[in-house]
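Visitor: Chains L and V, in that order, give the protein sequences. Residue 577 in the working numbering sits at position 580 of the first sequence, with consecutive numbering throughout. Residue 515 in the working numbering sits at position 518 of the second sequence, with consecutive numbering throughout.
Note that these hints are calculated values from the structure, not bench results. Just to be clear, a hint being listed does not mean it is correct.
Stated by the list, open to error - Facing chain L, from chain V, some residues (calculated, C-beta under 8 Å):
(1) F216
(2) Y309
(3) T468
(4) I471
(5) H510
Said to hold, decoys possible - Sample of chain V residues facing chain L (criterion: CB under 7 Å; computed from the structure):
(6) G158
(7) D159
(8) E310
(9) Q538
(10) S542
Glycine is no exception: its CB is placed at the ideal position from the N, C-alpha and C atoms.
Protein chains: 2
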Amino acid sequence: MKRTTYVVDTTKSLHALLRPLPLQGVQLRDTFWAPRIHTNAHVTLPSQYTHCEETERIANFRRAAGREEGEFVGLFFNDSDVYKWLEAVGSNDVISDSPALQIIARSVVADIVSAQRSDGYLNSYFSKARSDERWTNFDLHEMYCAGHLMQAAVAIYRGNGDRVALDAACGMADHIDATFGPVDQGKRPITDGHPEIELALVELYRATNNQRYLTLADFMVSVRGANQIRNKVFDYDYYQDHVPYRDLDVVIGHAVRMLYLAAGATDVWLETGDASLKRAIDAQWLNLTQKRMYVSGGIGSRWHGEAIGDDYELPNDTAYTETCAAIASVMWNWRLLQGTGEARYADLLEWTLYNAVMPGLSLSGSEYFYQNPLSNNGSHRRSAWFGCACCPPNVARLLAQLGSYVASVDNDTLWIHTYIQGSIDTRGSGLDAAVQVTTDYPWDGRIRVSVTRGGQWGLKLRVPSWASGATVLINGERRAAQPDSYVTIRRAWQIGDEVVLDLPMNPRLMSAHPAVQNNAGRVAVARGPILYCVEQADHEQPVASLHIDARTKWQVVDGPSALGHHKALHASGTTVATPEGALYAPWRRDAGSPVTLTLIPYHLWANREAGAMNVWITVENQ
Amino acid sequence: MKRTTYVVDTTKSLHALLRPLPLQGVQLRDTFWAPRIHTNAHVTLPSQYTHCEETERIANFRRAAGREEGEFVGLFFNDSDVYKWLEAVGSNDVISDSPALQIIARSVVADIVSAQRSDGYLNSYFSKARSDERWTNFDLHEMYCAGHLMQAAVAIYRGNGDRVALDAACGMADHIDATFGPVDQGKRPITDGHPEIELALVELYRATNNQRYLTLADFMVSVRGANQIRNKVFDYDYYQDHVPYRDLDVVIGHAVRMLYLAAGATDVWLETGDASLKRAIDAQWLNLTQKRMYVSGGIGSRWHGEAIGDDYELPNDTAYTETCAAIASVMWNWRLLQGTGEARYADLLEWTLYNAVMPGLSLSGSEYFYQNPLSNNGSHRRSAWFGCACCPPNVARLLAQLGSYVASVDNDTLWIHTYIQGSIDTRGSGLDAAVQVTTDYPWDGRIRVSVTRGGQWGLKLRVPSWASGATVLINGERRAAQPDSYVTIRRAWQIGDEVVLDLPMNPRLMSAHPAVQNNAGRVAVARGPILYCVEQADHEQPVASLHIDARTKWQVVDGPSALGHHKALHASGTTVATPEGALYAPWRRDAGSPVTLTLIPYHLWANREAGAMNVWITVENQ
């Protein structure tokens, strides 16, 4: 049975301005996402299952249940990778016909639930001899794993109505709720080391209507700041436990923990409307976007602690920018967008998808980046799997759920946040509208929205922040459109009515704030929602020697066919000599020799032979 | 009893071109080093003793001996900090009158030796319940601690003839020698996780003439490369155990481990003349200096693993550049200089001392940097101590031994490597010469060397690599001097003969190799052997907004008095607007407003109010 499926179900959230569309309401038929989602269903998800089996991640559950010989193998949070894979399969089931994956998933769920203890506790690492160590070290990701169990269970339940995983997730949630909470209820007021359970509990609440889960999520956000959790290497701020969340006005510490926490706090706000939460969230978002985010949308400046850096600490070659952190940013911005309808969140969500998440996955769908540096000497290549394999199933679940990020509704309006060729049907959302989107976006800026089911409703089309000079034609009538906002068209639509949005797609030179000293005198190149880079495969001269002409004439061309359908850019520039020898030498002006630069989309790098790559390019001829 | 004291005693090394001077042969009476060495004796060493006691580092020995209640406290390698402090006191005793430190040191030695087991084993962490865990995990620094024990013991023995620590060190060395070595001798062929014991064993050999220690040192270097040691986070290359040392042609992995290993291998080469070692050492040195070293001489690009980066991976704000790694570079270059007499090693040694080691210590002598970034927002400040406190006593021992790096001799020539006002007397070295050095170097380029004991001998004066246009006047007769070499004067010296070396001290703009993309379009400023930086305390505009004029006229001025006697620089430049708000914006040419930049020596930064600092400055007006 296929059901009405939401990924983040704000349909009944009291403080959400927007409601989501069911996942099946958006059908993608474009050249960018549709093939990737197909590959996700047919390559990525099956191969990830194999990796999970081969690394004994699924056997761990059977062993914890006593159904198989052997001890737990791997990292203490390996359960979570299985849960994320299951969540991906649960969502994928709604949009793709993959009966084999469903059969496997049911078997995996059976293994998981067999490891659940009678008190509801479920974690394969803390089994057998380690059963006594439950809930003693809150840096061992017990709640994190529980959160991913809840998300997986909700995805499966929403997708096909199967309650097996959901019942197990509720059992674990009930166990946690009975154990942790305010002291005056006789519970333990614990700060968990890795946020995730907050947003999961809110989704579990949305799926079950059990208010206790929302209350517990709120508690988990609110308990932080009591200086409870640190270790020999990292202090409280690494764990976002140094100040109460409502007083936290920066993004800090471990990047994924910070952004999962912010997403969870935003979920709580969507349900409770707690203004003190929203003030903190707003301050964090501004700090992130104005001081601590890479131009790709990537987050995490430091390998040490996979951490966000100080203001303007954004080194390019040693950027950490974990794929999971970018996904967390998508999750957070989606929640903020649903709450507010503000275009800036959709803008960052789209930008992050194309430029910070998608670099994490190979075109083949079978190799992953954990880190996404903005320049590299060619040594950084994708891997088929990792010992700490959080990123691969995270990309997979995002791709399976991608359609859910395209559009929303409010009571009388269809909001389109990002443009992907295909159809949008709002049936089941409380608004009865349907449109067809025809476009080659993100490679072309013309988007045709044709009405396929008429009626009296509003249509909001997002105009990206970079789209100065955008125009809208409504049945042939032209209107200007303000960047970084939604243009609104309200009318009695007839089938066949057409709105054409034209977004200027001229390549752009971007500079960083002067305080990002690494990028002084350098520019990044973008076109539309796509960040570009230079890669060695397209150049004879070392990538590091390429400078771009500030006054270049641009050529927009079909890029190397090995990278699939996309647009590459040609620009004029210079190349400076790169002699072997002295690392430091007396400064002299080097005018360089003329050269033509080829820029490819940053998300496509490292899909050909190994070679250097660079996003921030020294600018000449100012 | 004060004895003839060498720090690295190559007096009998078969393959050393140069011999060291006794520590007491060099008397420093300058304004840079003499006050710092005085502070070292009177502030740094006493306060470090207090820290060692307060953190129970010394109590650990008494507890291991069963003479005091309680368990081991702290990190498993805390013994080594006490040993390095002892080595510093042992050397300091030769040059400074500090009877209180001597009394304390004897008591500390007594505590240490009381913890030695009957089989010679000595390590306070592996005592009591952990005694059974000895030599089971070679990432737990047992050999590293043993090496520092040997260095401390040798320093004390050379300084005052006291054999108590030396006997203990020999006992531990004998225990290790009986346990580890070639399989065909029935021993264990183990790669240790943290090199240090190699150079220590060679020094112990030099102090005792026990050939077994040299043989064991050679074995310890040679055993590496068998892929024995890694952990969950770091692979074999982090431990320099991925290829045999003689095949290692890069510097790689944990910076301090790499450079201690290279120094130890160089010590082995000095004794054995093994050409295959020297070939590897040469390749490593070239890789370091041409591709993996900061302009400060600092080493270690990554916080993650305190590691050396890939070629040209030299981020400024997230530089690790551990103070200990710079000290290790001094130790390595000193050994290479003694072996070869090549000026390039003295050049890098001097540069590293001023620009990579000395930033690690506050002017007060009581606070330390562990990391030495090349740009910072003002948040990075020195600390009075660290949980992992390797750097503070490392700086202390280097300062106590500083005089030993000034000059060497060969059979008929006095080599002066670096210029510090004071006197040099070679008596006891096999050459009978004495000179007085009068100079305000490193702030002034004029160096007068006056003969105070005549005779027929050669005088070699180093001309630094940056000193194009240097001249030498010998009793009034002018001669040109080639940079990066030694100028040689041989004659029958009379008392009062004078040689005046004039080193041009015009400020210099330096650029980095184009492959260091962070530094494209940026320059570093140096004058003489001193690297400069801009610090917020001297500027109204944000440091990050300051650009330097490529055609600036320079003013060399007395710098802020709070920083002691030194020269600061004024340069013309521009300041660009640094608006709050957008982190990334459309690129536009910003000509900036005129401003005067004040540059202070990099080693003096962070001695005033907290504020941003920057070494690599964007260059304008090319």
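Visitor: Take the hints in turn and mark each one as holding or not.
Guide: Consistency of the hints with the structure:
1. F216: This interface hint is violated because 33 Å lies over the 8 Å limit.
2. Y309: Holds: closest Cβ of chain L sits about 7 Å from Y309 (chain V), inside 8 Å.
3. T468: Cβ of T468 (chain V) sits 20 Å from chain L, so the hint is violated.
4. I471: Constraint on I471 (chain V) not satisfied, violated at 29 Å.
5. H510: holds, 5 Å
6. G158: Not OK, violated: G158 (chain V) not within 7 Å of chain L, min 41 Å.
7. D159: Result: violated, 36 Å to nearest chain L Cβ.
8. E310: Where the cut-off is 7 Å and the nearest Cβ of chain L is about 5 Å from E310 (chain V), the hint holds.
9. Q538: violated, 10 Å
10. S542: Hint holds; S542 (chain V) Cβ to chain L Cβ min 5 Å, cut 7 Å.
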